[in-house]
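J.: From just these sequences and the hints, can you work out the full model?
Chains as they are written, first to last, in this note's numbering: chain B, 1 to 476; chain F, 1001 to 1289.
Derived from the structure by calculation, the hints contain no laboratory data. Just so it is clear, CB atoms sit at the ideal spot from N, CA and C, and this is done for glycine as well. Mixed in with the good hints there might be a few duds.
Okay, the calculated beta carbon distance ranges per label pair [unchecked claim]: (1) Gly177/B to Pro1248/F: 28 to 36 Å; (2) Ser178/B to Asn1245/F: 38 to 46 Å; (3) Val88/B to Lys1247/F: 54 to 62 Å; (4) Leu181/B to Asp1281/F: 42 to 50 Å; (5) Thr1030/F to Pro94/B: 36 to 44 Å; (6) Asp1221/F to Ile149/B: 17 to 25 Å.
For lysine-lysine, the following BS3-like pairs were computed, each having C-alpha atoms within a straight-line distance of at most 27 Å [claimed, not checked]: (7) Lys147/B to Lys1267/F; (8) Lys65/B to Lys1083/F; (9) Lys65/B to Lys1055/F; (10) Lys1267/F to Lys1182/F.
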Amino acid sequence: MRVSSYSRLRDVSYFGSLVLFAVTVMLACSPRANALPAFARKYGLRCSACHESWPMLNYFGQKFKDNGYQLMNDRDAPIWQNPSYWPVTFRITPIWHRVSTGKVMVDTYGSNGAGGSVVTGSTLQRVSNSGFDISGLDFHTGGTLEKNISFYVLPSSNNAAQFHFETVMGRLDNLFGSSWLNVKLGKFELDNLLSEKRILTLTGNGGIYQLYHFRPQGDGNVFGQMGDNQLGLEVMGHSWNDRTRYSAALLSSVDGQVGLPYGSNAYSGFFTFSQAFDTGKAGVQRIGAYAFVGEAPTNWLTQTGPNGATVIPGAVGNKSFSREGFVGQFYFGQHVDLQVVTQHGQDSVWFGQGYGDFIDGVASGNNTTGTTLAAGAQAPTWNGVLVEPHYIYSPQLIFIGRFETIRMSQQSTPGTASNFGNISTYTIGYRYNPFMTSRAGFAWHNEYNWLHQDGTAPDGTNLNTSELLMGFDFDF
Amino acid sequence: MQRNNLRKWSSVFGAAAVVAFAMPSSAQQTKYDFETRMNIESHVGNITGHAKDAKPDYRRYCVGCHGELGDGNGENFPWVDPKPRNFQLGVFKCRSTPTGTLPTDQDLFDSIGRGFDRSNMPQWSTFTKQERTDLVAWVKHFSPRWVGEKPGTPITIPPEPEVTPERIKAGREVFARVQCWKCHGVLGQGDGPSAATLTDDLGRPIAPFNFAEGARPKCGDTDKDIYRIFMTGLDGTPMPSFADNIKPDEAWDLVFYLRTLMSQHSKEKAMAKQLGLKPVDPNAPAGQQ
Chain B
1 MRVSSYSRLR DVSYFGSLVL FAVTVMLACS PRANALPAFA RKYGLRCSAC
51 HESWPMLNYF GQKFKDNGYQ LMNDRDAPIW QNPSYWPVTF RITPIWHRVS
101 TGKVMVDTYG SNGAGGSVVT GSTLQRVSNS GFDISGLDFH TGGTLEKNIS
151 FYVLPSSNNA AQFHFETVMG RLDNLFGSSW LNVKLGKFEL DNLLSEKRIL
201 TLTGNGGIYQ LYHFRPQGDG NVFGQMGDNQ LGLEVMGHSW NDRTRYSAAL
251 LSSVDGQVGL PYGSNAYSGF FTFSQAFDTG KAGVQRIGAY AFVGEAPTNW
301 LTQTGPNGAT VIPGAVGNKS FSREGFVGQF YFGQHVDLQV VTQHGQDSVW
351 FGQGYGDFID GVASGNNTTG TTLAAGAQAP TWNGVLVEPH YIYSPQLIFI
401 GRFETIRMSQ QSTPGTASNF GNISTYTIGY RYNPFMTSRA GFAWHNEYNW
451 LHQDGTAPDG TNLNTSELLM GFDFDF
Chain F
1001 MQRNNLRKWS SVFGAAAVVA FAMPSSAQQT KYDFETRMNI ESHVGNITGH
1051 AKDAKPDYRR YCVGCHGELG DGNGENFPWV DPKPRNFQLG VFKCRSTPTG
1101 TLPTDQDLFD SIGRGFDRSN MPQWSTFTKQ ERTDLVAWVK HFSPRWVGEK
1151 PGTPITIPPE PEVTPERIKA GREVFARVQC WKCHGVLGQG DGPSAATLTD
1201 DLGRPIAPFN FAEGARPKCG DTDKDIYRIF MTGLDGTPMP SFADNIKPDE
1251 AWDLVFYLRT LMSQHSKEKA MAKQLGLKPV DPNAPAGQQ
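T.: Structure representation (structure tokens):
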């Protein structure tokens, strides 16, 4: 028996109503989207409230950090939190990347006459390798122990799960009721306005600021590393709206190595000052200056280094170094900003001649007792600039660019090419966050970095390295 | 026949479900309503703010609590106490204007910058003045009240007199007479006999301010701010305006007395200690504290 078209229409109507009802119930009952890193979780603010695009801080986030991870709303102490709240966040990044390095020494092969091959020599060639990989794991815990007593602990691993303490610090905030006096003790990031620990890029060369780690070729000063967390004491202060900031840190010149390595008693200081200005619709502009000055050891006090290697102690003691420069954070409305850092660096001539670089425990001729400086040796100096523009389409999508260049102004060894060791690097990329809530962070990260260095290839010519990276950068 | 009836009622039931679930949202305003008010401006000092310029900042900083529709139903609503303000209602606690009237743009500007102590509303002091003024306009665009109604006229606050022991004692009399203790308690600890019964205009439990806890009053902690709070009331809460019950000069006396209840050091507190001032007696006859 044929079914009439009217009957068929009624059947469809009946079925469609049921589907419509079911879908409506599902949509009405669907839970609110939510997800969560520790500070956002504690205060109910989205990540975008503190981060221009996580992990980079915006102005409000910088103020939150300067207040000792407090909103100053009288609910900062842990007693105000649900006991189930735990101030913990972890972050890790699975990636695919392709690294290409020019002028790598590789073996050449020839036939051994018996159907096999034999190494016949070596040659320089570009080597590219690619594959899936993972980053290390950052396991953050931080916040307040009580009102105006804050802390941060960051055990961090490399991608082989070898852990170390990246940050361990306690801080007394707003001493005597004033935002101008805060004291931090432990191992912590230096007060760099453009924070390397919150850098927006992830490649090997693009994931650090070259300015914060630069050493002239052959220089032994591993201690002037602005980008490394250091052990020390920091006094910091700011105005109530964070427009004016200063900091002064006294650091052990051990580049953050624990256990009083080297046995030497060398100290450095890191000083910053900045002032921000309200420029109406353009936003807040900040300019500042920094100086990293001090002494660092060129020798062990004992004959045996921490890894057991016998090192002949040199007799040149602590030597000086300095890094100083300007910082600018410029905002042009809600979508465009520009970060600028300059640097003038100088190391003692002893560092320039290779003294001090014994961090790997290997004795070198430059660490021998009684060594004298080569005739005409000079203190190496250099100048550099970093420019990093951002285009923030929305809190969920940011485009990043960076250009850095470092130029030697004086080589340590006479006769060295004036441009030996100069660096130029650029990085471009974007991060897309498919959601922005107060619960978790997830970024689809894409980036390309290219780095060029003069005269550092094995044959003394220029060296280029590039890396293409894409991955999931997430934290919870 | 039975099968036909089943089909008929299934269709009706399905349609009714769609309408039922849709009804709460149709009772609220929609994004279309807001679009019609996108040209709202705000004026703070010599700065003019525009609602449309604040959208990115609202999305970045505010939407997690106050919601896309400004109705306080952001994703963090379930875990926040006190609840985020519903801007659609056009009712605000912190005003310089009489109760029942809209606040001025300056009032909203100050609220954003000051934040609200003991709540999840931070001090948004990092904005530029222009950004904050734009956000004031954005807040306004959520409520139709701003279309047909002007803000109230700010109340006049007379100059603050000098603190004297007599004024503190007079303030204690005012505290007793207008029965502040019924909600705030005789020691100002928020434990008065009515405290447990209080709800806000949306029916949610609300606690009276505890002067002794050390927190700053939500609408500011200067003497003028405290004066303004009880002379304009906190709209949306059970805290009324006492402008009809307290004369301006008496109001300053009350401010001084309230300072004696707060845990922060103050000259009022020191004077009260010297006087040996006791808490008000709820059982004392009128005028015989």
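J.: For every hint, state whether the structure bears it out.
T.: Results of checking the hints against the structure:
1. For the hinted restraint 28 to 36 Å between Gly177/B and Pro1248/F, the CB-CB distance of approximately 32 Å keeps it satisfied.
2. Look at Ser178/B against Asn1245/F: about 40 Å separates their beta carbons, and that is inside 38 to 46 Å.
3. With their beta carbons about 56 Å apart, Val88/B and Lys1247/F fall inside the hinted range of 54 to 62 Å.
4. Range check, Leu181/B to Asp1281/F: about 44 Å between beta-carbon atoms, so the 42 to 50 Å window is met.
5. Look at Thr1030/F against Pro94/B: about 41 Å separates their beta carbons, and that is inside 36 to 44 Å.
6. Here the CB-CB span from Asp1221/F to Ile149/B is close to 23 Å, well matched to the stated 17 to 25 Å.
7. Taken as a hint, the Lys147/B and Lys1267/F pair is honoured in the structure, with Cα atoms around 26 Å apart against an allowance of 27 Å.
8. With a CA separation close to 25 Å, the supplied pair Lys65/B and Lys1083/F stays within the 27 Å bound.
9. Taking the CA atoms of Lys65/B and Lys1055/F, the gap is near 25 Å; set against the 27 Å cutoff, the hint holds.
10. A threshold of 27 Å between alpha carbons decides the hint, and for Lys1267/F with Lys1182/F the separation of about 26 Å falls inside it, so the pair holds.
In summary, this structure violates none of the numbered hints.
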